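Colleague: These are the residues of each chain, in order.
There are 4 protein chains.
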Amino acid sequence: MKNVPFKGIIAYPITPFDQNEKVDITLFKKLVERLIVSGIHGIAPLGSTGVMPYLSDEEKEAITEASIQQTKGRVPTLVGVSNLTTEKTVHHARFAEKAGADAVMIIPMSYWKLTDDEIVAHYDAVARKISIPIMAYNNPATSGVDMSPALLKRLLEISNVTMIKESTGDIQRMHYLRKELGEETAFYNGSNPLALAAFTAGARGWCTAAPNLIPELTIELYHAIEEGNLEKAKDVFYQQFDLLKFIVSKGLPRAVKAGLNILGEEGGNLRSPLQPLTEKDTEELKNIIKTVLN
Amino acid sequence: MKNVPFKGIIAYPITPFDQNEKVDITLFKKLVERLIVSGIHGIAPLGSTGVMPYLSDEEKEAITEASIQQTKGRVPTLVGVSNLTTEKTVHHARFAEKAGADAVMIIPMSYWKLTDDEIVAHYDAVARKISIPIMAYNNPATSGVDMSPALLKRLLEISNVTMIKESTGDIQRMHYLRKELGEETAFYNGSNPLALAAFTAGARGWCTAAPNLIPELTIELYHAIEEGNLEKAKDVFYQQFDLLKFIVSKGLPRAVKAGLNILGEEGGNLRSPLQPLTEKDTEELKNIIKTVLN
Amino acid sequence: MKNVPFKGIIAYPITPFDQNEKVDITLFKKLVERLIVSGIHGIAPLGSTGVMPYLSDEEKEAITEASIQQTKGRVPTLVGVSNLTTEKTVHHARFAEKAGADAVMIIPMSYWKLTDDEIVAHYDAVARKISIPIMAYNNPATSGVDMSPALLKRLLEISNVTMIKESTGDIQRMHYLRKELGEETAFYNGSNPLALAAFTAGARGWCTAAPNLIPELTIELYHAIEEGNLEKAKDVFYQQFDLLKFIVSKGLPRAVKAGLNILGEEGGNLRSPLQPLTEKDTEELKNIIKTVLN
Amino acid sequence: MKNVPFKGIIAYPITPFDQNEKVDITLFKKLVERLIVSGIHGIAPLGSTGVMPYLSDEEKEAITEASIQQTKGRVPTLVGVSNLTTEKTVHHARFAEKAGADAVMIIPMSYWKLTDDEIVAHYDAVARKISIPIMAYNNPATSGVDMSPALLKRLLEISNVTMIKESTGDIQRMHYLRKELGEETAFYNGSNPLALAAFTAGARGWCTAAPNLIPELTIELYHAIEEGNLEKAKDVFYQQFDLLKFIVSKGLPRAVKAGLNILGEEGGNLRSPLQPLTEKDTEELKNIIKTVLN
Chain A
1 MKNVPFKGII AYPITPFDQN EKVDITLFKK LVERLIVSGI HGIAPLGSTG
51 VMPYLSDEEK EAITEASIQQ TKGRVPTLVG VSNLTTEKTV HHARFAEKAG
101 ADAVMIIPMS YWKLTDDEIV AHYDAVARKI SIPIMAYNNP ATSGVDMSPA
151 LLKRLLEISN VTMIKESTGD IQRMHYLRKE LGEETAFYNG SNPLALAAFT
201 AGARGWCTAA PNLIPELTIE LYHAIEEGNL EKAKDVFYQQ FDLLKFIVSK
251 GLPRAVKAGL NILGEEGGNL RSPLQPLTEK DTEELKNIIK TVLN
Chain B
1 MKNVPFKGII AYPITPFDQN EKVDITLFKK LVERLIVSGI HGIAPLGSTG
51 VMPYLSDEEK EAITEASIQQ TKGRVPTLVG VSNLTTEKTV HHARFAEKAG
101 ADAVMIIPMS YWKLTDDEIV AHYDAVARKI SIPIMAYNNP ATSGVDMSPA
151 LLKRLLEISN VTMIKESTGD IQRMHYLRKE LGEETAFYNG SNPLALAAFT
201 AGARGWCTAA PNLIPELTIE LYHAIEEGNL EKAKDVFYQQ FDLLKFIVSK
251 GLPRAVKAGL NILGEEGGNL RSPLQPLTEK DTEELKNIIK TVLN
Chain C
1 MKNVPFKGII AYPITPFDQN EKVDITLFKK LVERLIVSGI HGIAPLGSTG
51 VMPYLSDEEK EAITEASIQQ TKGRVPTLVG VSNLTTEKTV HHARFAEKAG
101 ADAVMIIPMS YWKLTDDEIV AHYDAVARKI SIPIMAYNNP ATSGVDMSPA
151 LLKRLLEISN VTMIKESTGD IQRMHYLRKE LGEETAFYNG SNPLALAAFT
201 AGARGWCTAA PNLIPELTIE LYHAIEEGNL EKAKDVFYQQ FDLLKFIVSK
251 GLPRAVKAGL NILGEEGGNL RSPLQPLTEK DTEELKNIIK TVLN
Chain D
1 MKNVPFKGII AYPITPFDQN EKVDITLFKK LVERLIVSGI HGIAPLGSTG
51 VMPYLSDEEK EAITEASIQQ TKGRVPTLVG VSNLTTEKTV HHARFAEKAG
101 ADAVMIIPMS YWKLTDDEIV AHYDAVARKI SIPIMAYNNP ATSGVDMSPA
151 LLKRLLEISN VTMIKESTGD IQRMHYLRKE LGEETAFYNG SNPLALAAFT
201 AGARGWCTAA PNLIPELTIE LYHAIEEGNL EKAKDVFYQQ FDLLKFIVSK
251 GLPRAVKAGL NILGEEGGNL RSPLQPLTEK DTEELKNIIK TVLN
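Residue numbers (UniProt numbering), protein chains in the order written: chain A, 1 to 294; chain B, 1 to 294; chain C, 1 to 294; chain D, 1 to 294.
A portion of the hints provided could be inaccurate.
Copies of the same chain are indistinguishable here, so a pair counts whether it falls within one copy or spans any two.
Claimed, not checked - Lysine-lysine pairs mimicking DSS-like chemistry, simulated, CA-CA at most 27 Å apart:
| hint | residue 1 | residue 2 |
| --- | --- | --- |
| 1 | K7 | K232 |
| 2 | K286 | K113 |
| 3 | K2 | K98 |
| 4 | K286 | K179 |
| 5 | K153 | K280 |
| 6 | K22 | K7 |
| 7 | K280 | K113 |
| 8 | K72 | K153 |
| 9 | K88 | K113 |
| 10 | K245 | K2 |
| 11 | K30 | K98 |
| 12 | K129 | K179 |
| 13 | K22 | K88 |
By construction, these hints were calculated from the structure, which means they are not laboratory data.
All values reported here derive from a predicted model rather than from experimental measurement.
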């Protein structure tokens, strides 16, 4: 039986910085706590939302430990450990396991486009060094490589690669994968505007930064799907659609930080070159949040 | 109150040719009859499936008349009248109205990419000459122009443009249009592999050539959605998914003709340069049909 | 020895219409005459610039005859005969040959994406019915199909397919084709902004609408290349670059008509849905022409 | 007067690794020496070819120092210092200046797509901390952001941003930039298969890994252009075209390492996940090299 610890809404916290652009661990823990008490079903530090690629090794380790300490097993933890080199990926995966993570997420980062064999060897090298499950993550827009169904099939033959996260933003791809890999394979959707379509297509979970701003609505969508209530699922999806589109188009770390401030919460600073949302965009977000929450 | 005569499964018959590559009206009528008795909710001659652009004016007129005579009002008829020039589009739209069509479908064919103003003027010129409603059809892959939501909004201000058919194959676009144009606007999905996602998103109908081969399954999907039965909708969709993907990827006229033959039905010939499916593809289709129907 | 009648600047006249949107043959002949006396090396009626797809069969035939009558053999004539159906393509190719054309140009128009075998059969069917040479034209943006080097190789095995016109707008493609098909193959460039790069890469001619507005500059570029004068070629290319970019981005028939008017020449009307350049664009073109010609 | 230290062939050495995947500085120096004595006009460590993103800070510093020590001012040195964060980019730029680099190259790496304002602030922050010139590098395929001509104009207003390297692979872009930014702006081409077209268009230099394998041919192309000998430029370009295409399509570090081995030179190892060329590809490269060098 495959080890598949995630289902439902898997929330991605941002990584907040202080005024000197140093990681603010205290605020990070507060943001994680806020997500957990909101009722989400999993927590995923060091994703794109958590600006993982902008952090040093030490910072990643501190975030990993802080996540697990704060979560205290109330929900499972999925730690991002992707790295350009295999050696560093192994290092961070082992660190996450030792720290108590339930699973790690790995995207095949590739400055130089990797061949299928290189990708398989990369996942295999990591898998042999840890015993927790791996979520293989396909997102050509950020990794530069689009993993084919045939390649994902090969990855799923590695015993602890048990989950697939798909973020191409193309629902046809998800249909195709589900047909090709079998419906018992655990799929997760990583494209926010596809939330309704992906759940309808059979996705087991939604990996999303949206719970930082609208946890109830994301959970409500999941429940409507669980209950097979198509009409309600559609309504609650369209209720949050403008917000989902906005946070994706403006960049999740920028948009979530601005949204937290609008909601009266601390969101910390960003690390350069990332800068806060412009005033104009902030006004738009204010209006969207007001409409969504009413 | 807007005149919106279509809902559910709108079936696209092929245009069959005889051995001299002349249109075979007798066989065409037989194929239309077969679709109507299968239970579909609308009939749409002279679409892409009907190889409309490969026909002479006289042939288009003969097909229009044959469709309406055969249908005898049992289901509403949607006639394709798109043409590169405005003059010819007006001509065919008027012909269709006079012949008794319930509505016409118009895509802004554009050898030279049209400006928004040109497209509005084109639809407007046709709309002023007929009194039946118009379905505006967006399919950049065949028309060469992608109509923006802003442009579609302008088209909907023309009083008899009452329906939108969307075939970009991107479900996010349909979500976006529905949000932008309002949920009371009548949307139709023209992308076969998107059938489930589009209905879930609120599409009023599915414009499809699939009923030529699997009418029951397409109708069953629509009924499951109508009943709000998400689980059944998903199952029946995945049951037909491989067939939908196949007929789209091989070209609808070729695939439908081959499929009809496999089912023991006459499909007629194609008009050159279009040629029948290769033997290898025909074998694949045979296997898909066998699996789908069992 | 292959029959390759073209070299240098091959000029594409527009097809002008009168106030009732009927083809204006008198004005067309005047425009052809103007091109020929300007010194260009070939004339190509019924191209995209000549809005061939917007014309009836009779109109195409009238334009073909008018071109050849007016040209009187002073330069070779290349007549566009592309059509969606093989039968019509054969018809127009035979008509062109009988009328005295030196060659015909054929792009594999494809509402339904054609297979390689269908494309070869299409060219072959035409080739067997005429004895003048054929220029195979690759322009995926208008035909919807991108002919691979392997396919072009197959086409060149048909005895009277002797010329290739390439309009992908990607100079790497031209390098690749030349390497793949051999430098003795006659290549022509159909992408205006690529004129310098394509000649440098070894193109035998430039198929262009630009001579309608700036014949001297297009000829000067060709001469500079013939003389191996790289510095002059570069200068004269950059002198006309803004104009080339403008006419391509605004649509050749619209831009050429507006440019003719700016130069004090008659350009006739366009056929709907095509409309004249906006006032703003016309002002921009006025400025570009002024700068280019000074 | 702008400080523009580069012209001609700017060679990119690979970064070789030992059997434990540690950077091999001794071999690196040997490879740099080999490039310099071959006659190239500039040396550029820590580019994509030098797998800069796969190196630790300490490794980058060691490579920077080794390059400058080995070059000893015989040709100017251009050091890659790009980093996702502004802080690290400043750090490496300052290190390069102190070590004696003649200029630094910066691409706006962007996991999260940067806004124009963020990019300007990023370059500006670096520029204010160093006094050597900066080459701004546009390569959307690796950076994820395509800098518009308008943005490049803004960057050129920063006093020590004096050079533009363009690698979109689209010659039209280079024409456009040259027209837009003025021909006195120093442009460099970073797309190998565009070498001929870019020089013809007025590029001041060619940033390339090809000299690792065929230094003479790259230099010969540059000389032919300098002499205005178009025919020779074309011949020598087509002579090396297959090699250029191959090394680009297979990934420069893999292809250069394999090529060095074929030439009887040491190329070191790659760092995982990058793996050596497959046997089949190596055979193909062997044949290409044999053909090119004969």
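Colleague: Measure nothing new, just compare the shortest in-copy and cross-copy C-alpha distances for K88 and K113 to 27 Å and report within, between, both or neither.
Modeller: Both. Shortest intra-copy (18 Å) and inter-copy (24 Å) distances satisfy the 27 Å Cα cut-off.
Colleague: Classify it for me, K286 with K113: is the Cα-Cα distance of at most 27 Å met within a copy, between copies, both or neither?
Modeller: between (40 Å within a copy, 22 Å between copies)
Colleague: Can you tell me if K280 and K113 fall within 27 Å by alpha carbon in one copy, between copies, both or neither?
Modeller: between (37 Å within a copy, 18 Å between copies)
Colleague: For the identical chains here, do K245 and K2 meet the 27 Å Cα criterion within one copy, between copies, both, or neither?
Modeller: neither (34 Å within a copy, 30 Å between copies)
Colleague: Taking 27 Å as the upper bound on the Cα-Cα distance, should K286 and K179 be classified as within, between, both, or neither?
Modeller: between (41 Å within a copy, 18 Å between copies)
Colleague: Is it within, between, both, or neither for K7 and K232, if the alpha carbons may be no more than 27 Å apart?
Modeller: both (20 Å within a copy, 21 Å between copies)
Colleague: I want to check one pair: K30 and K98. Are their C-alpha atoms no more than 27 Å apart within a copy, between two copies, both, or neither?
Modeller: within (23 Å within a copy, 42 Å between copies)
Colleague: Please sort K72 with K153 into within, between, both or neither, judging by C-alpha distance up to 27 Å.
Modeller: Answer is neither: 34 Å inside a copy and 51 Å across each miss the 27 Å cutoff.
Colleague: I want to check one pair: K153 and K280. Are their C-alpha atoms no more than 27 Å apart within a copy, between two copies, both, or neither?
Modeller: Between copies only: 24 Å across, 45 Å inside.
Colleague: One pair to classify: K22 and K7, alpha carbons no more than 27 Å apart. Within, between, both, or neither?
Modeller: Answer is neither: 33 Å inside a copy and 41 Å across each miss the 27 Å cutoff.
Colleague: Using 27 Å as the alpha carbon limit, work out where K2 and K98 are close: within a copy, between copies, both or neither.
Modeller: Classified as within: same-chain Cα gap 21 Å, cross-chain 55 Å, threshold 27 Å.
Colleague: Can you give me the call for K129 and K179, within, between, both or neither, at a CA distance of at most 27 Å?
Modeller: So K129 and K179 fail the 27 Å test inside a copy (31 Å) and across (48 Å) alike.
In this structure, the earlier hints numbered 6, 8, 10 and 12 are contradicted, and the remaining ones agree with it.
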